[in-house]
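Please work from the sequences and hints to get the whole structure.
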Amino acid sequence: RKEVEQDPGPFNVPEGATVAFNCTYSNSASQSFFWYRQDCRKEPKLLMSVYSSGNEDGRFTAQLNRASQYISLLIRDSKLSDSATYLCVVNEEYNFNKFYFGSGTKLNVKP
Amino acid sequence: DVKVTQSSRYLVKRTGEKVFLECVQDMDHENMFWYRQDPGLGLRLIYFSYDVKMKEKGDIPEGYSVSREKKERFSLILESASTNQTSMYLCASSSPRDSNYGYTFGSGTRLTVV
Numbered sequence: 001r002k003e004v005e006q007d008p009g010p011f012n013v014p015e016g017a018t019v020a021f022n023c024t025y026s027n028s029a030s031q032s033f034f035w036y037r038q039d040c041r042k043e044p045k046l047l048m049s050v051y052s053s054g055n056e057d058g059r060f061t062a063q064l065n066r067a068s069q070y071i072s073l074l075i076r077d078s079k080l081s082d083s084a085t086y087l088c089v090v091n092e093e094y095n096f097n098k099f100y101f102g103s104g105t106k107l108n109v110k111p
Numbered sequence: 112d113v114k115v116t117q118s119s120r121y122l123v124k125r126t127g128e129k130v131f132l133e134c135v136q137d138m139d140h141e142n143m144f145w146y147r148q149d150p151g152l153g154l155r156l157i158y159f160s161y162d163v164k165m166k167e168k169g170d171i172p173e174g175y176s177v178s179r180e181k182k183e184r185f186s187l188i189l190e191s192a193s194t195n196q197t198s199m200y201l202c203a204s205s206s207p208r209d210s211n212y213g214y215t216f217g218s219g220t221r222l223t224v225v
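Keeping their order, the protein sequence lines are chains A and B. Heads up, the first sequence is in our numbering, so the first residue is 1 and it goes up one at a time. Heads up, the second sequence is in our numbering, so the first residue is 112 and it goes up one at a time.
Hints are computed from structural coordinates only; laboratory data are not their basis. Fair warning: this is a prediction, and the values are worked out from it, not measured in the lab. Warning: the hint list may mix true and false statements.
What the hints assert, rightly or not - Computed list of lysine-lysine pairs in DSBU-like fashion (alpha-carbon distance at most 35 Å, straight line):
| # | chain 1 | residue 1 | chain 2 | residue 2 |
| --- | --- | --- | --- | --- |
| 1 | A | K79 | B | K166 |
| 2 | A | K2 | B | K166 |
| 3 | B | K114 | A | K98 |
Here's what the structure looks like:
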């Protein structure tokens, strides 16, 4: 069983659409949660951390549901430049900062 | 601009060769990691280190070893390269002193073993 599960997609959406991804994690003791973005043939880059109270950064909103053990990412008013793979990341070992990565959800935003 | 630098972007090696992948970070980070990324499997942790001369096995350490003689440098060694080690290798670093504990990745090394 994987530590972090994501729908691989692809999600194909038109520009301007709102799209949401979910990610589930298996360890209820998980401490920290993140969304990373990875462009084709590039390294992953931190998009945003996910806080218990939820957080928003411009068009992006991340939420955490500890009871159901999932995190979500909502993208409003999608842009062509949002096309990428979005990785869900969970930190289970607080002291060593060891992360578990989902396999990613691919988003294609079309004109 | 903070950086994690991997020595090679693309590498082609022959089966049985000993391969060294180098990673250097300039952020004074305590933690360093080596992952490999394969289609459909995502990122899988090979080894990590949370201090100089310290190392811990990740989820798939077989066929690999690491060295951390200096804080800024973390090397991944393929003792005898095999074709199933063809992959994208990503180095990352982090520090518990950072407010969000996020990783910074290097740009990756795409290794092909023939």
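Hint consistency between A/K2 and B/K166 [alpha-carbon to alpha-carbon, up to 35 Å]: 24 Å, holds
Pair hint A/K79 and B/K166, alpha-carbon separation not exceeding 35 Å: The given pair, whose Cα atoms are some 42 Å apart, is violated under the 35 Å limit.
Distance restraint between B/K114 and A/K98, which requires alpha-carbon spacing of 35 Å or less: 19 Å, holds
When each numbered hint is compared with the structure, a violation occurs for hint 1 only.
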